[in-house]
Amino acid sequence: MLRAGLFLLFLAFIIIRPFLSSLATPELDTMYSWCLIFICAALVKTALPPQNATHLRKTILIPLVLFFAGVALSNFFSLAPERSLSELHKYLLAAVVFCAVFTCAAQEKTLLLFALIAGAGLVSLQAILWFFLGAKIFVKHLLVHNITYDFAFEFVGRQRAFVPFILPSALGGYLIMLLPLCISMLRHYYKDEDSALLKRPLGNIVLLLPVLLCSAALILTKAIGPLVSLLFGCMLYSIMRQRDYKYRVVLRAIILLSLVSVLIFVVRSYSGGYWRNPAFSAGQRQLYWLKTWLVIGQHPFTGVGLGNLPFVGSKFSHNSYLQIWAELGIVGFVALLGLVLAAIKIVREPPAPAQKMLHAGLGIAIFAFILHNLVDFTFFLPEVAVFWWITLGLIAPRAAADTAGADSCF
477 MLRAGLFLLF LAFIIIRPFL SSLATPELDT MYSWCLIFIC AALVKTALPP
527 QNATHLRKTI LIPLVLFFAG VALSNFFSLA PERSLSELHK YLLAAVVFCA
577 VFTCAAQEKT LLLFALIAGA GLVSLQAILW FFLGAKIFVK HLLVHNITYD
627 FAFEFVGRQR AFVPFILPSA LGGYLIMLLP LCISMLRHYY KDEDSALLKR
677 PLGNIVLLLP VLLCSAALIL TKAIGPLVSL LFGCMLYSIM RQRDYKYRVV
727 LRAIILLSLV SVLIFVVRSY SGGYWRNPAF SAGQRQLYWL KTWLVIGQHP
777 FTGVGLGNLP FVGSKFSHNS YLQIWAELGI VGFVALLGLV LAAIKIVREP
827 PAPAQKMLHA GLGIAIFAFI LHNLVDFTFF LPEVAVFWWI TLGLIAPRAA
877 ADTAGADSCF
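Read in order, the letters of the sequence shown correspond to residues 477 to 886 in the numbering used here.
What the hints contain is simulated information worked out from the structure, not anything from laboratory work.
Mixed in with the good hints, there may be bad ones.
Listed below are the simulated EDC-like cross-link pairs for lysine to aspartate or glutamate, each with C-alpha atoms no more than 20 Å apart in a straight line [said to hold, decoys possible]: (1) K832 <-> E584; (2) K791 <-> E558; (3) K791 <-> E503; (4) K791 <-> E563; (5) K521 <-> E584.
Based on the provided sequences and hints, a complete structural model is requested.
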């Protein structure tokens with residue numbers, strides 16, 4: 477009974493996570509994080525020992541421990557210890573969320589997946605409603621009350637979906653992980669595929685809605701980076717799995733994403749204003765990367781500490797791997813690469829027949845996040861990064877056949 481209550485509370489916290497911005501409301505985010513940390517710790521405490529802890533120990537545990545050792549070392553050598561300590565809860569949250577998900581039973585993981593796609597549907601619905609209705613109401617409110625906030629007018633004028641996040645790329649970074657999961661759940665639970673459309677179960681429509689909403693919201697972000705990352709994530713997964721079986725769904729996704737990415741690139745290139753042009757974004761990223769390399773050159777081994785990247789105009793370098801090296805030092809950087817390689821190794825392992833579609837969704841989500849952080853910083857946004865740690869926790873273990881239900885993903 478206690479664990480059931482804790483798990484329901486955990487699901488509720490995970491669903492509301494995207495609606496809480498760590499940058500816009502840092503104090504509330506800190507309170508939320510510590511509450512979720514205690515919930516996850518209680519879940520781990522009440523969980524039965526996983527049957528495949530050895531698999532985790534060999535694959536992920538070593539780089540995971542090294543990564544958090546790098547976090548500790550960077551705080552010890554931090555140039556601004558108080559600021560670094562204020563960032564520590566984000567990394568602690570990542571660790572306990574991963575452990576909580578990893579120790580969940582098969583039925584709990586299935587419920588977690590349904591909660592994830594339900595949350596993704598709500599996030600996408602809010603983003604779409606804001607794009608078509610909320611932005612106009614917001615601008616009208618500013619005009620009626622004679623509020624002269626030039627940045628707000630300029631930002632909303634870009635006509636790109638971003639709510640409930642602060643940037644379109646952040647919303648895109650979230651959706652490129654959740655959309656593959658929504659599609660995999662739809663394919664796994666789709667019923668009576670050979671029947672007439674009107675005679676198919678209502679559950680098919682319920683599972684289709686998050687897919688449609690996430691797809692629409694992702695396109696409305698007009699963010700090229702997330703789309704290209706998802707495209708290459710699909711390609712990478714397809715290459716890894718082509719020896720085992722053909723993935724027609726993945727191939728169709730690759731073709732569709734290619735067309736959408738090209739279309740968005742063309743639209744943004746001729747939308748007017750150099751700051752809206754993808755070339756401007758690429759130029760800014762090159763500047764951030766150069767500055768990050770200069771910081772790494774000054775502190776290559778110990779880093780400058782969490783949250784201490786000395787930039788003007790941006791808190792992030794738009795390359796999470798370079799920023800980890802700059803903040804955590806060489807230990808954290810190498811450990812993060814080891815964690816990425818461990819995730820890739822797990823994805824490469826052939827899944828059980830009943831888990832093929834789920835494995836595809838999780839694998840593509842993991843790859844998309846890894847690739848996107850080459851040009852963005854969603855690794856440092858808990859409202860996005862926590863879902864990567866969840867996917868790692870879901871794909872790392874293998875549920876025993878006798879512990880999963882007949883209609884379970886695990």
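Results for each hint:
1. Taking the CA atoms of K832 and E584, the gap is near 19 Å; set against the 20 Å cutoff, the hint holds.
2. Between K791 and E558 the alpha-carbon distance is near 17 Å, which keeps this suggested pair within the 20 Å criterion.
3. With a CA separation close to 17 Å, the supplied pair K791 and E503 stays within the 20 Å bound.
4. Among the hinted pairs, K791 with E563 is consistent with the structure: their alpha-carbon atoms are about 13 Å apart, no more than 20 Å.
5. This hinted pair checks out: K521 and E584 have alpha carbons roughly 15 Å apart, not beyond 20 Å.
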